[in-house]
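Here is what each chain is made of, one letter per residue.
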Amino acid sequence: MAVSARAPAGSEAILGDLRALGLGERLLTAPAELAVFASDALTAFHQRPMAVVLAETQDEVVGVVRACHRRGVPFVARGSGTSLSGGSLPLEGGVLIALNRLNRVRRVDPQARLAVVEPGVVNLDVSRAVAPYGLHYAPDPSSQSVCTIGGNVAFNSGGAHCLRHGMTANHVLGMRVVLPDGEVVELGGESLEPVGPDWTGMFCGSEGLFGIALELTVRLVPIPEAVHTALAVYDSLETAGDAVSRIVASGLLPVALEIMDRLAIEAAEASVKPGYPPGEALLIVELEGGRENVDADAVRLAGLLRDSGATHVHTTEDPAERALIWKGRKAAFSAVGWLAPDYVVQDGVVPRTHLGEALAEIERLAAAAGLRVANVFHAGDGNLHPLILFDGREAGALERAEALAGEILRLCIRLGGSITGEHGVGVEKRAHLPEMFGPEDMALMHRLRDAVDPDRLANRGKMLAVGDGWS
Amino acid sequence: MTLAAERVDEVRDLVRGATGRLLPRGGGSKPALSTPPHDDVVTVDVSGLRGIVAYDPAELTFIAQAGTPIAELDAALAEHGQHLPFDPPLAPAGATLGGVVAAATSGPGALRSGGVRDFVIGVRFVDGAGRLVSGGGRVVKNAAGFDLPKLMVGSRGRLGVMVELSMKVFPRPRASATLEIAAGDLRAAVGVAAALSAGPWELDALELAPDGRLLARLAGDPEPMEARIARLVPALPGGATARRLPASEAEALWRATADAAWVPDGMRLLRAACTPAAVAPLWDAVAAAGGDARFGRAGSVAWIAWPAAAPLNALDAALDDLGLAATALTGPPLPEVLGAVRGGAFAQRIRAALDPDRRFLD
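So the protein lines, in turn, are chains X and S. The numbering of the first sequence is this note's numbering, which starts it at 1 and goes up by one. The numbering of the second sequence is this note's numbering, which starts it at 1001 and goes up by one.
Hints may contain errors.
To be verified - Looking from chain X toward chain S, a few residues come up when the C-beta cut is under 8 Å (computed):
(1) Glu193
(2) Gly251
(3) Ser418
(4) Phe437
(5) Leu448
Claimed, not checked - To list a few chain X residues with every Cβ distance to chain S over 10 Å, as calculated:
(6) Ala30
(7) Glu92
(8) Glu280
(9) Ala360
(10) Arg410
FYI, nobody ran anything at the bench for these hints, they're computed from the structure. Remember, predicted model here, so these are calculated numbers, not experimental data. All C-beta atoms, glycine included, are put in the ideal place defined by N, C-alpha and C.
Please build the complete structure, drawing on both the sequences and the hints.
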């Protein structure tokens, strides 16, 4: 599937401007080099950019943005290209700005518990850099070993530990940003407390439409003294879902509450072999904090799980075992490759009391469509990740899978939820955004975008459809 | 002039029909933000937009009209053992949910759980063109569309008139304990705060006073509480001493902290962004003017009492040097934020989109 862009406005002119920036071999224009960047993790979409710039400094990024603005050429920023919504899909005739080489941790302030990082720093590398101070960066998307902070900020990424820690936007204090016309502005600062409108919060999750973050100030939290992980097995998804409601209602506040269904468990076992106990549904509960609190909470949790109808409960405080449990969970998306040649992953959210209803309806919709769906989800947040399995070689299979994905998103909206909890709208869900928001709300989003970027150069075609509201 | 709106459509009509500038007002607990700076500015009183729209305790979220008093919300949440854990300040003075969001005021409990920006998940507001718009939603995790709920935090009625907010809530801890720690002086107190923040203590709140006293609150389940305190006290940095406060005294102190009851007569209250490193230099500027201060969230926010008669230039300059900013909450309105103003062209463009005819204050 190709996404069309406006015809390039004088590609020779922009290429001349880019060459003049002295990028040398870091300006890619050969078709074979460009092909590498044609897709992100949403591989059903691909589009070859006119040029790729491997930026190494903030000034270079600003220079490229200014050149693009001057020539009216759209640009897309990209980190590691792990977006599941097509958020870093390039544009034909556009410039792709690769930020991976802007990967310096510029400063760590252990007393203020913050770090100043460039956008190309890999998520996990922030935690690695601050570990000597007993600190870590809390947001943990499943792709955290490769995805970059810049992309996390653009799409307000989540992760398994959002339940207690919140999303990326809750951890970004300030940033330097190049706006789509090349102007550089500072938003927020080093304080946890905003004064004046929360421009930083507004920029987070804006999917690249407001420009490119050049430098980010992120908050750090202490590495917890104690971590307790429980695995509980259930003979149905419904009882697992009820256990989540029971835990939430008890007043216990775990850092993570995750559910995997039988297909997802099988996929994980087939790939990274986490050694999960077999069952129809697996609940992962994690507690963290001070020793005394975790010990007391673990006792309460054990009681709750015992009364919740779990057929088997296993707990651990061994870091190696915990790492394997999470490896299995975080590899679940790619692991379904063991079950089917292709899959579509969705990211809908429902109010958490409607989880059981949503799962039953997804099962019904899948059966009606004749497709298998594996479920992996952040149950504590009501954030579903149905993985729709199909074989792309079968005629019409992709279309049927996408139709089912659309049905599931409409179900989430109907139940009062959202079409995306953490992957963003991107290219993939733009058609569904107007189903979630009213015409006035959509018009406002277009007005905000047009006020910041009247030429619609920055990450054009993401979140807001090109034709939608395009004058 | 004051015009009152009790329904959403009345707010919309009022904005559409406005000929001059408008300033929304909720409970009036922060008069510096709700008093018109000029006679030709019309106050839009939204305190009649009041009441909980939806609250399902099992969801740990609620939706309420923007003019709902914090005290009313707190009582409704308490019935189900829940709360807004950031202790929204100035509740007894009549603070409303919309006002807390507009002023970005978070109280002591923000240390452990995050502040108002971390708990607002959805908003409906009337923009400067009189359009009723919404952003976010009512689920706790949501990445769809621009984050308008966060934009409203600290917007001081300059970007729209909020009519409804969705918030997430947390379970209310079943027990708490308070330690008063004497560090000697403010610089030593900052050191103690840093040491406590780096440890496994999970403090619920930690406030610093200029005389070097700290107020530390532990909250959670009753069972492990004594063991937590028994381990914490001996671990305090050398020279610091701790005294456990009786429950009634502690409760009164925390209420006085969240409600700024310590502000002396004849002084106005300001709220400044702060960092641990900025506590001492900021205090120097406040002390030089004869003011008082408390530093909340382990030094992440400064509550400044500034003598009414003293000019604010010295504070403005000190904040600017530190790269920080402040707003006044009580006393006469200030034309703008003090200190380092951020946002630049981004702020101007967003503002122009939301308020093209400049119906709200700059």
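Consistency of the hints with the structure:
1. Given hint, Glu193 of chain X at the interface with chain S, holds; its Cβ is 4 Å from that chain's nearest Cβ, closer than 8 Å.
2. Residue-level restraint check for Gly251 of chain X holds (minimum Cβ-Cβ distance to chain S is 4 Å; threshold 8 Å).
3. Interface hint status for Ser418 of chain X: upheld, as the beta-carbon distance to the closest one in chain S is roughly 4 Å, under 8 Å.
4. Taking 8 Å as the C-beta cut-off, the interface hint given for Phe437 of chain X holds, the closest approach to chain S being about 6 Å.
5. Taking 8 Å as the C-beta contact cut-off toward chain S, the hint placing Leu448 of chain X at the interface holds, the least distance being around 5 Å.
6. Against the 10 Å criterion, Ala30 of chain X stays outside the reach of chain S, whose nearest CB is about 35 Å from its own CB.
7. The non-interface label for Glu92 of chain X is consistent with chain S: the shortest C-beta to C-beta separation is roughly 26 Å, beyond 10 Å.
8. With a least CB separation of 24 Å from chain S, Glu280 of chain X remains clear of the 10 Å interface cut-off, as annotated.
9. For Ala360 of chain X, the non-interface assignment is confirmed: its Cβ lies about 18 Å from the closest Cβ of chain S, beyond the 10 Å cut-off.
10. Every C-beta of chain S lies more than 10 Å from that of Arg410 of chain X, the closest at about 13 Å, which supports listing it as non-interface.
Against the hints set out earlier in the document, no violation occurs for any number.
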